[in-house]
Amino acid sequence: MDNSCLIKAEDISIQFGDRQVLQNVSLTIKQGQVLTLIGPNGAGKTTLVRIILGLLKPQSGRIEKPQNLRIGYMPQKLHVEATMPITVRRFLELARHKSSAPIDEILQEVQITHLMHHQLRSISGGEMQRVLLARALSQQPQLLVLDEPAQGVDVSGQAELYQLINDIRARHNCGVLMISHDLHLVMAKTDEVVCLNHHICCHGRPEQVSVDPSYLALFGKKEAKNLAVYTHNHNHHHDLTGEVVEHKHD
Amino acid sequence: MTDFIINALVAGLCIAFVAGPLGAFVVWRRMSYFGDTLAHSSLLGIAIGILMDINLQVAVIASSIFFAGLLIFLERNKTLSTDTLLGILAHGTLAFGMLILSLSNTVQINLMGYLFGDLLTIGTQDLWWIGGCSALVALLLLKYWNGFLAVTVHEELAKVEGVPVGKLHALMVLMVALLIAVSMKIIGVLLITSLLIIPPAAARKLAETPEQMAIGASIVGGLSVCGGLLLSYFWDTPAGPSIVVTACGFFLFSYLAPALLRKS
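Chains as they are written, first to last, in our numbering: chain C, 1 to 250; chain S, 1001 to 1264.
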């Protein structure tokens, strides 16, 4: 495994009951690289991320990562119990190490210094995403793992948030693994796109993936119009369970 | 004042002091039914203790820790939902304990005392048990405070950040089991969890941070013990219910007072 490689996943497969959720999925993430995971609902994106984070064990395949890899994880959402009084500051303190940057510095980086003493339950969806990003940054991450970072954020806020993530990547030179549905916003700043539907349908640079037949088959032409429009005959399509069905060209 | 009320007061304050912060976690983590189950199962511990003629305090602690371990094990290998498991264990053990007690007619025991707490039963030896166990739980809470809090706020986030989530959860369950086991004599099997739940709930309104809520809960718990014991001493009411009624008073006050103040 070379030095710049942060995560190397090989042949990951997992089944829940008799549902095959992931099948022989392999990917690598390198330092400074942004890898965006796209795919329809229920395609196994979050499951793959949970396996990479070590929260879930795959039934076969393996994950290689450098020892003591510092991961900053931003979960899809944070539910704060109504009975739990906690300020933004105290929430960030929970994850602090001796080497973490001061909290006001981290808050400044994600531009929410003014929220420091607010109750976590009282802030908006967009602010919460920034707080979660701040928490991930407090790990001084070599790898940022973001599960739909712009969920619940309004349209103009989304663009800002992705810009912020991009700035952070540039400043810290960390790798980024991100699940996103906002293709039009993330594609321009992504180095590699992996299109997942239980198996890897296609992957590569955004401009390659956007013209890939299996990508078009999954997302349809309307979504693809946001990128570049180019059509091919697909070499396979998916049945209702997401299984690949080969079909003959005529 | 007589010795027994001093004993009861010291014991009650020790328990209330630790039950505040520990109870805050029980509230945040929604473990109140969990606490009830452990409390109910301790009656089985008493029954077995009487049957085998061993020290009752040791029997209760042992059974409480045994059932806590069983719950952790069953939770991890879940075949039934936690809620159902707790329901089966809570009532199964309570019923089984009562059955054994009714069959062993060699000793006449004060069942009401175990169910609702009895002041007169707190001796010097009990005081040592209560003091020692409370101190142990308090130390563990202090040592792992940040970890417990991180796990409570977001378990997966904590796990990714390197917090030993499984171990801390097990430790918390054992701490709840231990505190319930030693406080049974004073509050009673049926009311024990209320001392874990009501004071933190009363402190919630005023708290801005988890620490404020935990300390507030200790204070409310301590005041409830004092108020309850006074009631019990002067009107000869049972100790457990008196303490719980006082705590409920504080809870109501904390929710109604701000509204009343705003009106006037």
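Hints were generated in silico from the structure; no laboratory data involved.
Hints may be right or wrong, so weigh each one.
Said to hold, decoys possible - Derived pair list, reagent style DMTMM-like, types lysine to aspartate or glutamate, alpha-carbon separation capped at 20 Å:
#, chain 1, residue 1, chain 2, residue 2
1, S, K1167, S, D1236
2, C, K189, C, D212
3, C, K189, C, D167
4, C, K57, C, D18
5, C, K57, S, E1208
6, S, K1143, C, E93
7, C, K77, C, E148
8, S, K1159, C, E192
9, C, K77, C, E127
10, S, K1078, C, E10
11, S, K1205, C, E81
12, C, K8, C, E64
13, S, K1159, C, E160
14, C, K77, C, D11
15, C, K77, C, D18
16, S, K1159, C, E64
17, C, K65, C, D212
18, S, K1159, S, E1075
19, C, K30, C, D212
20, C, K8, C, E192
21, C, K65, S, E1075
22, C, K57, S, D1118
23, C, K65, C, E10
24, C, K57, S, E1156
25, C, K77, S, E1075
26, C, K77, S, E1155
Tested hints:
no., hint, in the structure
1, S/K1167 with S/D1236, "44 Å, violated"
2, C/K189 with C/D212, "19 Å, holds"
3, C/K189 with C/D167, "10 Å, holds"
4, C/K57 with C/D18, "17 Å, holds"
5, C/K57 with S/E1208, "38 Å, violated"
6, S/K1143 with C/E93, "16 Å, holds"
7, C/K77 with C/E148, "9 Å, holds"
8, S/K1159 with C/E192, "28 Å, violated"
9, C/K77 with C/E127, "12 Å, holds"
10, S/K1078 with C/E10, "30 Å, violated"
11, S/K1205 with C/E81, "14 Å, holds"
12, C/K8 with C/E64, "5 Å, holds"
13, S/K1159 with C/E160, "29 Å, violated"
14, C/K77 with C/D11, "28 Å, violated"
15, C/K77 with C/D18, "28 Å, violated"
16, S/K1159 with C/E64, "18 Å, holds"
17, C/K65 with C/D212, "30 Å, violated"
18, S/K1159 with S/E1075, "18 Å, holds"
19, C/K30 with C/D212, "23 Å, violated"
20, C/K8 with C/E192, "14 Å, holds"
21, C/K65 with S/E1075, "31 Å, violated"
22, C/K57 with S/D1118, "51 Å, violated"
23, C/K65 with C/E10, "11 Å, holds"
24, C/K57 with S/E1156, "14 Å, holds"
25, C/K77 with S/E1075, "24 Å, violated"
26, C/K77 with S/E1155, "12 Å, holds"
When held up to the earlier numbered hints, the structure conflicts with 1, 5, 8, 10, 13, 14, 15, 17, 19, 21, 22, 25 and fits the remainder.
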